[in-house]
Amino acid sequence: MRKLILQMQISVDGYVAGPNGEMDWMAWEWGDDIKAYVAELHTNVDTIAIGRKLAEGFIPYWAAAVQTPEGNDEFSQKMVGTPKVIFSQTLTGSAWDNATVATGDLVEEVKKLKSAAGSDIITYGGAGFASSLIKAGLVDDYRLFINPTAIGKGMPIFNLLDDKLNLKLVKAHPFEVGIVALNYIPA
Amino acid sequence: MRRIVVSMNITVDGFMAAPDGGLDWHMQNWSTDMSDLLAEQLNNADTILLGKNTYSAMASYWPAVSTGLLLSRGDLAYATMINSCEKVVCSTSLKRPRWENSRVISANVRREILKLKQQPGKDIMVYGSHRLVRFLSKFNLVDEYLLWLYPVIIGRGMPLFHEQQKLAFAGAKTLSSGVVVLKYRCNLNG
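Chains D and S supply the protein sequences, listed in that same order. Heads up, the first sequence is in this note's numbering, so the first residue is 529 and it goes up one at a time. Heads up, the second sequence is in this note's numbering, so the first residue is 3 and it goes up one at a time.
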C-alpha cells in the first residue's frame, strides 16, 4: 500500500486558512533549512492528490512559476512534472496538463489510488478535502507546519473526527522562519 | 516590567480542553522529563498567577506532596519550588486560601495584575486557568506562551486563542512522551 502524506500550513490555533480562505497569515520568508526539508519530503513522491478548489490555485501558480527565471527551480519543476489527481464532484474532465480527475466517492477513489502501483502520494489539502481524508483515516504521515500566528477563526481540518485521534510524534523540526514542522503518524 | 508567562497544555488542533472541559488526554502522555522541564521553567519565576479552579486543584496536591517519599528528585525539586513561590489567585469566591504563600485578588483584577507586573521580581507564571488566560490575552497582558503540544487531536473543544495574534517563535523542546513544548513571545511591538 502506498503512503499518503499530508503536508499543510497550519496556524498555532489549528486552522489551515482564514474563514474565507485567507492565507496572508503564513510565514513566507522561507530559509534554506525549510526548503531542504520540503524537498527531502518529496523524494519518494510520484503523485500529488488535491481537492478541486486548491487545484484551481495550485496548478496555475506552479505553471507560471516555471516560466519565470527566479521561479524556475528544481522544486517548481517537480510540482509541475509530478502527475496530479484532482478530486471533484463537479468537474467532468481535466483542463490542466499532467492531471486527471477523480469524480467518484472520495474515500473509494483515494483507497484505489493508494492500492495502485507507485510510491508516495502527497496532499496539500484544501481544508475540505483534508478533513475528509483525516476523518476516513487515510492519512499515513502528517507534516503539519505550525506557523507563529493565531488567527482566531478559520477553516479547520480535524473537525469531522467523531473520536479522539491519538498520534505518535516522529519528530519536530523548528526552522529559522519560525515555523515548526511536526511529523506525526497515527498511533 | 515583569513578564507574564502562560504555560498551557494544548492538543494538535489547538484546544485546551474538550467541550465539557475534559482533560483525559493529559495523563496518557506523562513522562518524567516533563517535571524536569517544569522545574527549569519555574526557575525563572517567583510568582504564580492562577484562576480558582486550577488553584484549588494544585493547592490540594503540592503542599502534601512535598513531604512525601514517593517523588523522584525532579518532582521533589519542583514541589519545593512551587510551594515557596507566591501564589496569586483571581477569584471572587475564594476567601481563605490554604496553600502557603497565597493571596487572593477579588476586584480590579486588571489593575492588580498590572501592579504585580510592575513590582520587582522574576517572571509571573500562569498554569491552566482557562478563563484567566482569556482575560489576560484580551487585555494584552501575556508576554510569553509555553504551549505543551500533546500528540492528540480531539476535533472539538475549548480554544486557547480567540483573536488574530502574531507571535514570535522562540524555541521548541521535544519530550520522550511525544509532547512538544513550543515557546512563543507576544507583545511584539511593545
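Keep in mind that the hints were calculated from the coordinates and are not lab data. Fair warning: there could be bad hints in the mix.
Unchecked claim - Derived list of chain S stretches under chain D, where covered just means 3 residues or more per stretch with a C-beta under 8 Å from a C-beta of chain D:
| hint | segment |
| --- | --- |
| 1 | 115 to 123 |
| 2 | 141 to 155 |
| 3 | 159 to 170 |
| 4 | 182 to 189 |
Said to hold, decoys possible - Below, simulated DSBU-like cross-link-like pairs (lysine-lysine); rule was C-alpha separation at most 35 Å, straight line:
| hint | chain 1 | residue 1 | chain 2 | residue 2 |
| --- | --- | --- | --- | --- |
| 5 | D | Lys531 | S | Lys175 |
| 6 | S | Lys168 | D | Lys663 |
| 7 | D | Lys681 | D | Lys663 |
| 8 | D | Lys581 | S | Lys117 |
| 9 | D | Lys699 | S | Lys168 |
| 10 | D | Lys699 | D | Lys531 |
| 11 | D | Lys531 | D | Lys692 |
| 12 | D | Lys692 | S | Lys124 |
| 13 | S | Lys117 | D | Lys681 |
| 14 | D | Lys663 | D | Lys563 |
| 15 | S | Lys117 | D | Lys696 |
| 16 | D | Lys681 | S | Lys168 |
| 17 | D | Lys606 | S | Lys175 |
| 18 | S | Lys140 | D | Lys663 |
| 19 | D | Lys563 | S | Lys185 |
| 20 | D | Lys696 | S | Lys119 |
| 21 | D | Lys699 | S | Lys140 |
| 22 | D | Lys692 | D | Lys563 |
| 23 | S | Lys168 | D | Lys563 |
| 24 | S | Lys119 | D | Lys581 |
| 25 | S | Lys97 | S | Lys175 |
| 26 | S | Lys54 | D | Lys563 |
| 27 | D | Lys681 | S | Lys140 |
| 28 | S | Lys140 | D | Lys696 |
| 29 | D | Lys663 | S | Lys175 |
| 30 | D | Lys681 | D | Lys699 |
| 31 | D | Lys681 | S | Lys124 |
| 32 | D | Lys642 | D | Lys663 |
| 33 | S | Lys140 | D | Lys692 |
| 34 | D | Lys699 | S | Lys185 |
| 35 | D | Lys692 | D | Lys663 |
| 36 | D | Lys642 | D | Lys696 |
| 37 | D | Lys531 | S | Lys124 |
| 38 | D | Lys692 | S | Lys168 |
| 39 | S | Lys168 | D | Lys606 |
| 40 | D | Lys663 | S | Lys185 |
Idealized CB from N, CA, C, for every residue including glycine.
Here is what the structure says about each hint:
Here the segment 115 to 123 of chain S counts 0 residues with a CB under 8 Å from a CB of chain D, which misses the bar of 3, and the coverage is violated. By the rule of at least three residues with a Cβ nearer than 8 Å to a Cβ of chain D, the coverage given for the segment 141 to 155 of chain S holds, with 5 such residues. Counting residues of the segment 159 to 170 of chain S whose C-beta sits closer than 8 Å to any C-beta of chain D gives 10, which meets the bar of three, so the coverage hint holds. Requiring three or more residues with a Cβ within less than 8 Å of a Cβ of chain D, the coverage given for the segment 182 to 189 of chain S holds, as 3 such residues are present.
The hinted pair formed by D:Lys531 and S:Lys175 meets the criterion: a straight-line CA distance of about 28 Å does not exceed 35 Å. For the hint pairing S:Lys168 with D:Lys663, the CA-to-CA distance comes to about 30 Å; that is within 35 Å, so the pair holds. With a C-alpha separation of about 21 Å, the suggested pair D:Lys681 and D:Lys663 falls inside the 35 Å cut-off, and the hint holds. A hinted pair counts as satisfied when its Cα atoms are at most 35 Å apart, and D:Lys581 with S:Lys117 does not qualify at roughly 51 Å.
A hinted pair counts as satisfied when its Cα atoms are at most 35 Å apart, and D:Lys699 with S:Lys168 qualifies at roughly 25 Å. With a C-alpha separation of about 18 Å, the suggested pair D:Lys699 and D:Lys531 falls inside the 35 Å cut-off, and the hint holds. This hinted pair checks out: D:Lys531 and D:Lys692 have alpha carbons roughly 22 Å apart, not beyond 35 Å. A distance of roughly 38 Å separates the Cα atoms of D:Lys692 and S:Lys124; the hinted pair therefore is violated under the 35 Å criterion.
In summary, the hint linking S:Lys117 to D:Lys681 is supported, as the alpha carbons are separated by about 32 Å, within the 35 Å threshold. Distance hint between D:Lys663 and D:Lys563 is fulfilled; the C-alpha atoms sit about 29 Å from each other, no more than 35 Å. The straight-line distance between the Cα atoms of S:Lys117 and D:Lys696 is roughly 43 Å, outside the 35 Å bound, and the hint therefore fails. Using a Cα cut-off of 35 Å, the hinted pair D:Lys681 and S:Lys168 holds, with the two alpha carbons roughly 14 Å apart.
Restraint check for D:Lys606 and S:Lys175: satisfied, since their Cα atoms lie roughly 33 Å apart, inside the 35 Å limit. Restraint check for S:Lys140 and D:Lys663: satisfied, since their Cα atoms lie roughly 33 Å apart, inside the 35 Å limit. Straight-line distance between C-alpha atoms of D:Lys563 and S:Lys185 comes to about 23 Å, which keeps the hinted pair within the 35 Å bound. With a C-alpha separation of about 39 Å, the suggested pairing of D:Lys696 with S:Lys119 is violated against the 35 Å cut-off.
For the given pair, D:Lys699 sits about 33 Å from S:Lys140 by alpha-carbon distance, which is consistent with the 35 Å threshold. Restraint check: the Cα-Cα separation between D:Lys692 and D:Lys563 comes to about 32 Å, which is no more than 35 Å; the hinted pair holds. Proposed proximity of S:Lys168 and D:Lys563 is supported: the alpha carbons are some 22 Å apart, at most 35 Å. This hinted pair does not check out: S:Lys119 and D:Lys581 have alpha carbons roughly 48 Å apart, beyond 35 Å.
Distance check on the hinted pair: S:Lys97 and S:Lys175 sit about 39 Å apart at the alpha-carbon level, beyond 35 Å; violated. Restraint check for S:Lys54 and D:Lys563: not satisfied, since their Cα atoms lie roughly 46 Å apart, outside the 35 Å limit. Using a Cα cut-off of 35 Å, the hinted pair D:Lys681 and S:Lys140 holds, with the two alpha carbons roughly 15 Å apart. Between S:Lys140 and D:Lys696 the alpha-carbon distance is near 34 Å, which keeps this suggested pair within the 35 Å criterion.
Distance check on the hinted pair: D:Lys663 and S:Lys175 sit about 29 Å apart at the alpha-carbon level, within 35 Å; holds. Taken as a hint, the D:Lys681 and D:Lys699 pair is honoured in the structure, with Cα atoms around 27 Å apart against an allowance of 35 Å. The suggested pairing of D:Lys681 with S:Lys124 holds, with an alpha-carbon distance near 34 Å, which does not exceed 35 Å. Among the hinted pairs, D:Lys642 with D:Lys663 is consistent with the structure: their alpha-carbon atoms are about 16 Å apart, no more than 35 Å.
A hinted pair counts as satisfied when its Cα atoms are at most 35 Å apart, and S:Lys140 with D:Lys692 qualifies at roughly 29 Å. Only pairs whose Cα atoms come within 35 Å are accepted, and D:Lys699 paired with S:Lys185 is accepted, the gap being roughly 17 Å. A hinted pair counts as satisfied when its Cα atoms are at most 35 Å apart, and D:Lys692 with D:Lys663 qualifies at roughly 11 Å. At most 35 Å may separate the alpha-carbon atoms for a hinted pair to count; D:Lys642 and D:Lys696 meet this at roughly 22 Å.
At most 35 Å may separate the alpha-carbon atoms for a hinted pair to count; D:Lys531 and S:Lys124 exceed this at roughly 49 Å. Between D:Lys692 and S:Lys168 the alpha-carbon distance is near 29 Å, which keeps this suggested pair within the 35 Å criterion. Distance hint between S:Lys168 and D:Lys606 is fulfilled; the C-alpha atoms sit about 32 Å from each other, no more than 35 Å. A C-alpha spacing of about 30 Å is found between D:Lys663 and S:Lys185, which places the hinted pair at or below 35 Å, so the restraint holds.
In summary, the numbered hints that this structure violates are 1, 8, 12, 15, 20, 24, 25, 26 and 37.
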